[in-house]
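Sequences are here, hints too, so could you generate the full structure?
So the sequences go chain by chain: U, R and E. Anchor point for the first sequence: position 31 equals 31 in the working numbering, and the numbering is continuous, going up by one each time. Anchor point for the second sequence: position 158 equals 158 in the working numbering, and the numbering is continuous, going up by one each time. Anchor point for the third sequence: position 144 equals 144 in the working numbering, and the numbering is continuous, going up by one each time.
One or more hints might be untrue.
[Claimed, not checked] Below, simulated BS3-like cross-link-like pairs (lysine-lysine); rule was C-alpha separation at most 25 Å, straight line:
#: 1; chain 1: R; residue 1: K135; chain 2: R; residue 2: K167
#: 2; chain 1: R; residue 1: K382; chain 2: E; residue 2: K122
#: 3; chain 1: U; residue 1: K139; chain 2: R; residue 2: K272
#: 4; chain 1: R; residue 1: K336; chain 2: R; residue 2: K68
#: 5; chain 1: R; residue 1: K68; chain 2: R; residue 2: K353
#: 6; chain 1: R; residue 1: K272; chain 2: E; residue 2: K122
#: 7; chain 1: R; residue 1: K302; chain 2: U; residue 2: K291
[Stated by the list, open to error] Example chain R residues on the side facing chain E (calculated, C-beta under 10 Å, incomplete):
#: 8; residue: G41
#: 9; residue: A43
#: 10; residue: D213
#: 11; residue: T215
#: 12; residue: L219
#: 13; residue: G269
#: 14; residue: A270
#: 15; residue: I332
[Said to hold, decoys possible] Here are the simulated distance ranges between beta carbons:
#: 16; chain 1: R; residue 1: V30; chain 2: U; residue 2: K6; range: 37 to 43 Å
#: 17; chain 1: U; residue 1: E206; chain 2: E; residue 2: F160; range: 34 to 40 Å
#: 18; chain 1: U; residue 1: K2; chain 2: R; residue 2: D334; range: 56 to 62 Å
#: 19; chain 1: R; residue 1: V30; chain 2: U; residue 2: A22; range: 26 to 32 Å
#: 20; chain 1: E; residue 1: S163; chain 2: R; residue 2: K59; range: 41 to 47 Å
#: 21; chain 1: U; residue 1: V100; chain 2: R; residue 2: V30; range: 24 to 30 Å
#: 22; chain 1: R; residue 1: T346; chain 2: U; residue 2: P89; range: 49 to 55 Å
#: 23; chain 1: U; residue 1: L90; chain 2: R; residue 2: A64; range: 58 to 64 Å
#: 24; chain 1: E; residue 1: Q159; chain 2: U; residue 2: P89; range: 56 to 62 Å
#: 25; chain 1: R; residue 1: V30; chain 2: U; residue 2: A25; range: 22 to 28 Å
#: 26; chain 1: U; residue 1: V11; chain 2: E; residue 2: S163; range: 55 to 61 Å
#: 27; chain 1: E; residue 1: R82; chain 2: U; residue 2: L3; range: 41 to 47 Å
Because the hints were derived from the structure by calculation, they are not lab data. Every residue, glycine too, gets a C-beta built ideally from N, C-alpha and C.
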Amino acid sequence: MKLTEKLGVVVFLVAVYVLVPALIALSGRWDFFYTLTSVALLSIASAGVWLTFYIGRINIGQGAYALVGGYVSAILMTKAGLNFWITLPLAGLFCAGLSVLIGLPILRLRGVYFAMVTLVLTEVARLSALALHITNGAKGITSIPLPGKVALFGITIIPDFSTLANPKLAFYIMAVTLMVVSFAALWRIVNSRLGHLCRSLQQNEELASSIGVNTAYLRVLAYAISSFFGGIAGAGFVIISQSIYPSSFQVTDSVNFMLNCFLGGLSFVFGPMLGTLLLYFGWDLLFSTGKYQMLIYSSLLILAMLVLPNGLLSVSFSRRKGVGK
Amino acid sequence: MKIRSLLTTTAMAAVTSLALFGAAYAANPVLKIGFVGVTSGPAAAWGTSNVRSMQTLAKMINDAGGEKIGDKTYTIQIVTFDDQKDPKLSIAGMEKMAQEGIHYVVGPNVDDGAAAVRPVAEQNNIIYFPYAFPKSLYVKPASNAVLGMVANYQSAPAIYKYLKEKKGIKTVAFVAANESDPLSQRDGGVEAAKALGLKVVSSDVTYQVDTTDFTPVLLPVLKTQPDLLVLSGVAPAAAPQLIRSARELGYKGLISTETAQDAKVLQEGAGKLANGFISVGGASTPEIASDQMKKFVATYTKMFGEYNDESNTKVYALEYILDTLKADPVAINDIKSFKAEMDKFTAPNPYMKGNEKLSYVGMTSFGQKRQISVPLVVNVFKDGKFDTLLVARVD
Amino acid sequence: MEQIVVNGLYLGAQYAVIALGLTLIFSLMNVLNFAHGQMYVLGGFITYTVVSQFHLPYIVGLVTSAVALAVIGALLERFLFRPVIARSKREESTMLLAAGVAFFLDAVTLLIFGEKQRGIPKIINGVLNWNFIIVMPYDRILIGVLAIALIAGFIVFMQFSRSGRAMRALAQDRMAAQLMGVDVDRYSMIGFALGAMLAGLAGGLLVSITGVNLGMGGPTSIKAFMMIMIGGAGVISGAIAGGFILGMMESVGLTVLASYGDITYLVIFASLMVFLAIRPQGMMGKPWG
Numbered sequence: 001m002k003l004t005e006k007l008g009v010v011v012f013l014v015a016v017y018v019l020v021p022a023l024i025a026l027s028g029r030w031d032f033f034y035t036l037t038s039v040a041l042l043s044i045a046s047a048g049v050w051l052t053f054y055i056g057r058i059n060i061g062q063g064a065y066a067l068v069g070g071y072v073s074a075i076l077m078t079k080a081g082l083n084f085w086i087t088l089p090l091a092g093l094f095c096a097g098l099s100v101l102i103g104l105p106i107l108r109l110r111g112v113y114f115a116m117v118t119l120v121l122t123e124v125a126r127l128s129a130l131a132l133h134i135t136n137g138a139k140g141i142t143s144i145p146l147p148g149k150v151a152l153f154g155i156t157i158i159p160d161f162s163t164l165a166n167p168k169l170a171f172y173i174m175a176v177t178l179m180v181v182s183f184a185a186l187w188r189i190v191n192s193r194l195g196h197l198c199r200s201l202q203q204n205e206e207l208a209s210s211i212g213v214n215t216a217y218l219r220v221l222a223y224a225i226s227s228f229f230g231g232i233a234g235a236g237f238v239i240i241s242q243s244i245y246p247s248s249f250q251v252t253d254s255v256n257f258m259l260n261c262f263l264g265g266l267s268f269v270f271g272p273m274l275g276t277l278l279l280y281f282g283w284d285l286l287f288s289t290g291k292y293q294m295l296i297y298s299s300l301l302i303l304a305m306l307v308l309p310n311g312l313l314s315v316s317f318s319r320r321k322g323v324g325k
Numbered sequence: 001m002k003i004r005s006l007l008t009t010t011a012m013a014a015v016t017s018l019a020l021f022g023a024a025y026a027a028n029p030v031l032k033i034g035f036v037g038v039t040s041g042p043a044a045a046w047g048t049s050n051v052r053s054m055q056t057l058a059k060m061i062n063d064a065g066g067e068k069i070g071d072k073t074y075t076i077q078i079v080t081f082d083d084q085k086d087p088k089l090s091i092a093g094m095e096k097m098a099q100e101g102i103h104y105v106v107g108p109n110v111d112d113g114a115a116a117v118r119p120v121a122e123q124n125n126i127i128y129f130p131y132a133f134p135k136s137l138y139v140k141p142a143s144n145a146v147l148g149m150v151a152n153y154q155s156a157p158a159i160y161k162y163l164k165e166k167k168g169i170k171t172v173a174f175v176a177a178n179e180s181d182p183l184s185q186r187d188g189g190v191e192a193a194k195a196l197g198l199k200v201v202s203s204d205v206t207y208q209v210d211t212t213d214f215t216p217v218l219l220p221v222l223k224t225q226p227d228l229l230v231l232s233g234v235a236p237a238a239a240p241q242l243i244r245s246a247r248e249l250g251y252k253g254l255i256s257t258e259t260a261q262d263a264k265v266l267q268e269g270a271g272k273l274a275n276g277f278i279s280v281g282g283a284s285t286p287e288i289a290s291d292q293m294k295k296f297v298a299t300y301t302k303m304f305g306e307y308n309d310e311s312n313t314k315v316y317a318l319e320y321i322l323d324t325l326k327a328d329p330v331a332i333n334d335i336k337s338f339k340a341e342m343d344k345f346t347a348p349n350p351y352m353k354g355n356e357k358l359s360y361v362g363m364t365s366f367g368q369k370r371q372i373s374v375p376l377v378v379n380v381f382k383d384g385k386f387d388t389l390l391v392a393r394v395d
Numbered sequence: 001m002e003q004i005v006v007n008g009l010y011l012g013a014q015y016a017v018i019a020l021g022l023t024l025i026f027s028l029m030n031v032l033n034f035a036h037g038q039m040y041v042l043g044g045f046i047t048y049t050v051v052s053q054f055h056l057p058y059i060v061g062l063v064t065s066a067v068a069l070a071v072i073g074a075l076l077e078r079f080l081f082r083p084v085i086a087r088s089k090r091e092e093s094t095m096l097l098a099a100g101v102a103f104f105l106d107a108v109t110l111l112i113f114g115e116k117q118r119g120i121p122k123i124i125n126g127v128l129n130w131n132f133i134i135v136m137p138y139d140r141i142l143i144g145v146l147a148i149a150l151i152a153g154f155i156v157f158m159q160f161s162r163s164g165r166a167m168r169a170l171a172q173d174r175m176a177a178q179l180m181g182v183d184v185d186r187y188s189m190i191g192f193a194l195g196a197m198l199a200g201l202a203g204g205l206l207v208s209i210t211g212v213n214l215g216m217g218g219p220t221s222i223k224a225f226m227m228i229m230i231g232g233a234g235v236i237s238g239a240i241a242g243g244f245i246l247g248m249m250e251s252v253g254l255t256v257l258a259s260y261g262d263i264t265y266l267v268i269f270a271s272l273m274v275f276l277a278i279r280p281q282g283m284m285g286k287p288w289g
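As structure tokens, this is what we get:
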């Protein structure tokens, strides 16, 4: 890591952990806590989609894993009475495991074919949630408890959220921490040997295979990591809304995750984060325009594409080499 | 370029209208009432009729000089948030309302949204009026949600009982869209039918919301030859197509639903075939509509070009909020007083002829008064308009 | 059984028209047009306005929809898709653009035509009833026949006209076609316009049976995606086959699986996934898109 990059990371961390909460406290815009919490969680799911882009696959199925992750967490909390903090990694792991099973056959597909199968996958997940008994079908799961206390050797590491005066801030810290960890992991992956191999897949799979890269293994691995992120994001949302329904994550969400990546730029690790921020915040900020909200929002989206077809980050990084390109 | 110029025009129009709005009613203090629901995309019709009802009523009040609550006269401002039927956005919308200092919000329109906003509403002292039926929203310990309409588990028994006694139906079939709200309503309907001793001959058939041809959907249902076909939680868009397909397949029995429908949509989509279709409506049928209701419909039509019959039930939420605030002005910033007032509140119903009363109900269904009493008016469609079939009351 | 087959055929014909436009645009420009469903909805609303508001004959409404959508398609290609394709590094970027266009058309439709379900009066009254073995309203038969005629006309146009040949050449190999002197820009634009026009025509045809509403756009796009996947992306015959197969699957599935209730579509979608996993190029597509 170069010095400038280290500096950038420090600035970023200070911004999200200190500056943003301070600014919100100063301006009194408490509603931004939720907006930013959502952005953080959604960007984790988008990061997963970005990783599948990185191996040359268009993934429009992340909504399925977010939904599965959400249900795993919700069921473990309400039926098994587990603490949310235990269910969070379990939700991710369950999704990763599931994605290996699903990924083995479908990852052989490419281009729009893979994209379409994953799109159908989102709908299959929704319909399964409606049909199964363990998910409580159409009625969804509601009245999910807030995260409980985590203590190690008698010392409270994470307090019980229901005892907190400001759970909004706590959720924000939780989401941002998850985001930072996820993107750090993503950055590490991209800049490791695994990342180089993934790039070879993106460029030419046959060639990569011919020089001895185990392409099948790599694809499944990348897809599993991607789905892990999706599961985490889904579980995160469940705990905030304290409820989950089959419609909590659907095709629109899957498409949005993909759009976040495009908007931010596919060549940049932090693209999904920026894309999510803009797409989500954009909708939020246009709230005062009433019935013209959708019109202005979509016009801006089209305009962004016209001016910067390679994603927004392509501006600032155009002169130097983008991360991971 | 086309899109750019269109964009500029729209942006300017939006800014101008906002500016005008602010200027016109600057004299009185402003009372903001929120709306969080869906006004774009597939389910736009639900939230749009809500928003427009609220805006119409607000305009009527403001044009008449404002609403007098306590010793102050307020200008009513409706703050709307489009959640795109996404529960994640519903939460954002509710946060927005909290930020605006709003304590009374109408919406969301669907089950998942209503469940998702509950933590936010409770933290921020917001009373909200969802159009969603799950009982868990209204039964203790929940206390901030007030059901904005008649639930299907309340209307279904009344309708089936009437049809059983007056039309002699014996068998019922249900068909529902493959989504949370309609499926829950179907289950409620099946329960109600069984409780009345009716035979449920088919209740498993569902359809995708994007279905364009209902003939294959209805074929197995109609094979069971029910006396009554219930379209559970049917969206206004799908109702005429279902009716048309059923009639064209030769079905002769009754068709009903427990949700509000629009007469023009039925007329355009199914024409004469929709005659005899039974649905739940508000109070705009000529037999029972008061002058206030007629004025509301006229103002609505003038503002938005075309009336929507779904608004008959949706005008009530805002009326209840304002009337309850009038009964106890402290409640404007204090929802505890509002909750206390709900237990004893009563006022004349301005939208219906006769001595109808507004009051909060729900003791039977929820064990606490967490529902607004909307007259349960069951309509039957005939040649482009609704006739009143029966009027009932929920307790 | 006969009834199920007839239903499937009718559904298939309407699906195939929708899928044709999508696959044409995809084959020419490698653009997965997320806005296809919105174009279809717009076509429906235009026909509705012409017929129900201006009280003109149905055929005028159909033609207006076709022309309006062709113009919109041409403009979209010329001013949005062409520049973006020319400058973007990965051609999937057009997906974001297409999604933006879909949102935009949704917003415009909502503002102009409103949120309500719309429909036009029946074109022909009456129901064909053959001993209750086959029950089919006459207007459905007419629309089914019109749809099939449209498909046939489209195939003839693609096979025998100069533009059709040029577009097929483009779809096969863009570079080679260019080298052989085909005006790529011009035919891309014509192709896009033609694809949009087919969407508009489908909307105009179906508004007489099912009506139209704002919400149909997105789900229609997704259904059309599935059809072209079944048949094979970018192949005209594949789109037609895909449309009919999906129509038949729905018709048969809904009848056979009716007693299992909520899982009908789950089974349809899941089997689709399995099929695609085994045969990724669909029935007649080129492998790897």
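Tested hints:
1. R:K135 x R:K167: 31 Å, violated
2. R:K382 x E:K122: Distance ~18 Å between K382 (chain R) and K122 (chain E) Cα, so the pair holds.
3. U:K139 x R:K272: 36 Å, violated
4. R:K336 x R:K68: Holds, at roughly 21 Å.
5. R:K68 x R:K353: At roughly 24 Å apart (the allowed maximum being 25 Å), K353 (chain R) and K68 (chain R) satisfy the hint.
6. R:K272 x E:K122: Distance ~11 Å between K272 (chain R) and K122 (chain E) Cα, so the pair holds.
7. R:K302 x U:K291: 18 Å, holds
8. G41: 6 Å, holds
9. A43: Because about 6 Å separates A43 (chain R) from the closest Cβ in chain E, which is inside the 10 Å limit, the hint holds.
10. D213: 5 Å, holds
11. T215: Nearest chain E Cβ about 5 Å off; hint holds.
12. L219: Hint on L219 (chain R): holds, closest Cβ of chain E at ~6 Å, below 10 Å.
13. G269: Holds - the Cβ of G269 (chain R) comes within 10 Å of chain E, reaching about 4 Å at its closest.
14. A270: 8 Å, holds
15. I332: With Cβ-Cβ at 32 Å, over 10 Å, it is violated.
16. R:V30 x U:K6: 37 to 43 Å: 50 Å, violated
17. U:E206 x E:F160: 34 to 40 Å: 38 Å, holds
18. U:K2 x R:D334: 56 to 62 Å: 57 Å, holds
19. R:V30 x U:A22: 26 to 32 Å: This hint holds: roughly 31 Å between Cβ atoms.
20. E:S163 x R:K59: 41 to 47 Å: Violated, since S163 (chain E) and K59 (chain R) (Cβ atoms, about 54 Å apart) do not stay within the stated range.
21. U:V100 x R:V30: 24 to 30 Å: Since V100 (chain U) and V30 (chain R) have Cβ atoms about 57 Å apart, the given range 24 to 30 Å is violated.
22. R:T346 x U:P89: 49 to 55 Å: Hint holds: Cβ distance 54 Å, inside 49 to 55 Å.
23. U:L90 x R:A64: 58 to 64 Å: 59 Å Cβ-Cβ, so the 58 to 64 Å window holds.
24. E:Q159 x U:P89: 56 to 62 Å: Given range 56 to 62 Å: holds, Cβ gap about 58 Å.
25. R:V30 x U:A25: 22 to 28 Å: At 26 Å between Cβs, range holds.
26. U:V11 x E:S163: 55 to 61 Å: 57 Å, holds
27. E:R82 x U:L3: 41 to 47 Å: Hint holds: Cβ distance 43 Å, inside 41 to 47 Å.
Checked against the numbered hints above, the structure breaks hints 1, 3, 15, 16, 20 and 21 and satisfies the rest.
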